[in-house]
Amino acid sequence: MKRLYIILAMFAAVLSTAVCGAQSTQADIQRLWDEANQAYMTADYAAAIRAYNAILDAGHSSHKLYYNLGNAYFKEGQMGRAILFYNRALLLRPSDADTKHNLAIAMGYVKDKIDPLPEMAVKRWGRAVRSSMGSNGWAVASLVLLVLALAATLVYLLSERLSRRKAGFYTGLFTLALLLFAVGFSVAERYEILHSSYAIVMTTAVPVKSSPDGASKDIFILHEGTKVNITSSLGEWYEIETANGHKGWIIATAIEIIR
Amino acid sequence: MVLLLCAVATNTAQAQAQEIRLETFAPTVVAKGAVFAVEYRIAAQPQRMIDPEFGDAFMLIGTGQHHSVVSDGGGQRTVYTYRYVLIAHETGNFTIPAATAIVDGRTYTSQPKPIEVVEEGATGGGTATAPQSGERPQQQRDAGQITDEDLFLRAVVDKTTVWRGEPVRVRFKLYSRTADLGNEGAKMPTFNGFWSQSLDTQQYRQQTETYNSRVYHTFIVAEYLLYPTQSGALTIDPLTLNMVIREIRRRQSRSILDDFMMMPDVHETRRTVSSPPVTITVRELPAGAPPSFSGAVGNFTMTATQPETTMYVNSAATYRIRIAGMGNIPLLQGPRVEMPASFEMHNVKMTEDTRSSPTGITGSRQFEHPFIARAVGDFTVEPVQFSYFNPQTGEYATLETRRFNLSVMADTTGGPMSMLDIRTAQRLSQEPLRMLDSDIRYIKHDAPGLRPHGRVLMCSVLYFVLAGAIVALFFAAFFYLRRRITQMRDAALMRGKKANKIVLARLRSAEEFMTEGNSRRFHDEMLKALWGYLGDKLNIPAANLTKENVREELSRRGIPADETNRYVELISECEYAQYSPAESSTMHEKYKTAVEIISRMEGRIR
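Which chain is which? The protein sequence lines are A and B, in order. Numbering-wise (the numbering used here), the first sequence opens with residue 1 and increments by one. Numbering-wise (the numbering used here), the second sequence opens with residue 260 and increments by one.
The set of hints was computed from the structure by calculation and includes no laboratory data. Glycine is no exception: its CB is placed at the ideal position from the N, C-alpha and C atoms. Don't take each hint at face value.
Sample of chain A residues facing chain B (criterion: CB under 7 Å; computed from the structure) [to be verified]: (1) ASP28; (2) ARG31; (3) TRP33; (4) SER61; (5) PHE74; (6) GLN78; (7) ASN102; (8) ALA104; (9) MET107; (10) VAL147; (11) ARG190.
Could you build the full structure based on these sequences and the hints that come with them?
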């Protein structure tokens with residue numbers, strides 16, 4: 001019993017330090033947020049972009065911030081940046097309908113039309129389930145499932161009646177399976193956020209080379225807003241793969257990684 | 260009656276007399292020294308013909324007369340022709356004098372006609388100027404001698420610089436020194452870059468005119484109105500004619516038979532003539548066209564026939580717009596008609612009425628816009644605009660119809676329609692949401708929900724602390740609950756062990772009350788003993804002690820049903836006897852039964 005109290009106290013201490021640290025700049029950040037939104041409402045998109053970026057520079061992010069910044073870039077006509085920030089918003093909140101809608105419209109301005117390679121149905125469903133929540137959502141879900149699984153275990157271990165013990169056993173097993181999925185999804189989403197290998201082309205048109213060397217052959221041309229997957233890097237060159245499976249080397253300054 | 264007939268007869272005679280005219284056929288231009296003929300024709304036989312006086316400028320070298328039968332719409336008529344062959348030997352403007360014919364005692368006089376005698380240029384070839392001893396000097400020449408100057412085709416345009424959409428009139432004119440020509444086929448140009456409208460050339464007659472100071476017979480072969488559809492330098496391609504030139508040759512050796520048969524020696528030569536290409540400079544229309552401009556060039560008026568100002572819902576009406584005037588009417592596009600959204604527009608019907616003349620195309624185009632009113636209410640139909648370019652002024656002009664109001668009424672049967680009926684009609688005519696445009700959705704302006712960048716709950720210290728706390732809580736709960744359960748089980752065991760002692764004490768006190776004869780206290784004590792024993796032995800809290808619970812619990816522990824029944828019966832008897840003093844006689848019996856049952860139970864319940 002005593003041990004539990006110590007753990008709870010430690011937990012409270014961790015929380016309070018985190019909250020206090022944030023509070024010092026909280027007012028400034030809120031002011032910047034209001035300022036940026038006001039600028040957007042008066043169609044001063046350049047000012048809105050500056051203010052949103054100031055929040056980012058202060059080390060803060062959220063899917064709403066990325067979404068609004070994407071909108072501001074869209075209105076400024078910078079489709080590559082708009083698509084980049086919509087993708088970043090989707091990393092944090094993969095299920096946000098507004099972001100998906102705006103990304104689809106922004107993608108309409110992209111010159112490259114790439115049909116992705118077909119995916120197995122099971123993989124597609126898995127991805128759909130996974131992207132119904134972000135990493136944090138799955139993390140919270142995993143904790144809730146942990147509580148349920150342990151509660152079911154308690155019932156199994158302590159109940160005297162056989163029927164209750166059975167129910168506890170199967171419920172525990174089921175919630176444990178769900179728990180493993182939730183943890184897996186959360187870890188996967190976390191990996192996407194921290195180590196995503198996807199990038200967006202930022203320049204109007206950029207040649208993709210056959211080797212990491214400016215003098216090598218141009219294999220194909222990519223245009224602003226196209227999404228590519230980085231498979232390897234060498235110096236200031238990235239090896240990229242398009243959604244339809246074409247590979248080549250691209251200069252690092254031409255793309256921006258989503259994470 | 261006879262009088263009437265006479266009147267009719269004189270009328271007819273007068274009508275006939277009025278039809279009879281003495282007509283002059285003469286060229287308008289002749290070359291000096293050339294031989295030419297002047298003919299007077301009359302459709303009746305004259306008794307006498309008074310010869311005209313041609314004057315000093317002309318020399319009469321022969322006369323002739325013949326008659327021929329011609330048929331016209333009314334029937335056949337005989338035309339008498341008097342021919343005078345002349346040579347002009349002075350240049351200048353003269354008059355072909357009037358001739359007079361006397362028919363049935365009436366005098367007919369022809370109209371004098373002007374004639375011009377010109378000096379032909381030196382280029383004209385010496386043979387043409389020298390008068391030959393025949394009617395037409397050309398006839399005596401060999402076919403090889405007919406040069407390009409004697410027979411050629413020209414494309415004559417009325418303008419060489421036009422606006423795009425402004426018509427150019429082109430006449431393909433054949434110039435010939437000989438009138439005896441045949442046409443064996445023509446190849447019309449394709450008029451690239453133009454929209455063409457051919458004109459009727461039947462009205463034109465052969466004429467004589469001078470070109471390069473030579474006299475030619477001219478024929479208009481074809482005439483077109485050309486509407487340029489693009490700007491820049493456009494070329495009117497050549498028109499090619501395959502001509503046959505007929506000549507009557509003087510024979511070198513005349514046979515008697517030929518002379519006798521009067522067979523002329525007709526020689527035919529074939530020749531192809533083409534018009535030289537003509538370049539037309541087409542200017543692009545000036546910038547600043549109004550938004551309602553769609554390529555109309557000319558001068559137009561617009562009239563709109565508005566439908567009735569009131570109509571019933573779901574009924575149809577038509578909005579007619581008619582554009583009339585002169586210009587490129589066949590290329591005209593109808594103006595844009597915008598009706599309120601609840602009006603169902605149907606396909607536009609277009610009717611055209613045009614006439615082509617050498618000056619341009621006149622007429623009208625009518626655009627009918629049928630529509631059906633689908634909603635009740637008062638609507639305003641905005642003005643329809645039509646713009647055109649006027650090549651005369653070089654400016655754009657915009658016409659506009661009047662704005663008008665339309666009120667759509669609900670009833671279709673004459674009676675007022677209920678609101679529900681209107682709603683039903685609206686529901687039936689529901690339309691899917693019409694997307695007008697697509698745009699990104701608006702920004703989110705509620706709390707931003709900011710977090711430090713790159714911090715994720717999963718795999719963070721906080722996550723492991725929380726998970727650890729949950730697991731710790733589980734173990735704590737497990738051990739705590741397990742101890743509580745063990746304790747409770749022990750307590751029940753204790754109570755079961757003590758149950759026998761307690762029931763014996765209670766039965767002993769009941770026995771005392773029995774010997775005292777206190778029935779009330781006896782039964783009270785008996786109930787306490789019976790219920791208490793079960794409660795302690797079966798570990799049932801006092802509040803849950805009911806006969807049903809007891810029965811259930813006993814049967815669960817393997818006590819036979821009749822035993823249970825007797826026990827419950829005993830409890831019921833004691834409860835009953837508690838308040839009825841008459842039962843005191845059975846006290847001993849009850850006591851004995853209770854002791855027996857409890858001692859039996861004690862052996863069975865563990």
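- Message: Is the interface hint satisfied for A:ARG190? The criterion is a beta-carbon contact with chain B at less than 7 Å.
- Response: Since the shortest Cβ distance to chain B is 4 Å, the answer is holds.
* Per-residue hint verdict: A:ASN102, partner chain B, C-beta under 7 Å -> 4 Å, holds
### Message
Less than 7 Å between beta-carbons is the criterion; does A:ALA104 satisfy it with respect to chain B?
### Response
Where the cut-off is 7 Å and the nearest Cβ of chain B is about 9 Å from A:ALA104, the hint is violated.
inquiry  = Please check whether A:ASP28 passes as an interface residue: C-beta within 7 Å of a C-beta belonging to chain B.
reply    = 11 Å, violated
- With a cut-off of 7 Å, does the beta carbon of A:PHE74 approach a beta carbon of chain B closely enough for the hint to hold? 5 Å, holds
Are A:ARG31 and chain B close enough, Cβ to Cβ, to be under 7 Å, as the hint says? 12 Å, violated
A:TRP33 as chain B interface residue, shortest Cβ-Cβ below 7 Å
It holds, given that the least Cβ distance between A:TRP33 and chain B is near 5 Å, below 7 Å.
* **Per-residue hint verdict: A:VAL147, partner chain B, C-beta under 7 Å** => 6 Å, holds
Item to complete: Using 7 Å as the Cβ threshold, decide whether A:GLN78 counts as touching chain B.
Response: 13 Å, violated
>> Interface hint check: A:SER61, Cβ to nearest Cβ on chain B, cutoff 7 Å. Holds or violated?
In response: 4 Å, holds
Minimum Cβ distance from A:MET107 to chain B below 7 Å? 11 Å, violated
In summary, the structure is inconsistent with hints 1, 2, 6, 8 and 9 from the numbered list given earlier, while agreeing with the others.
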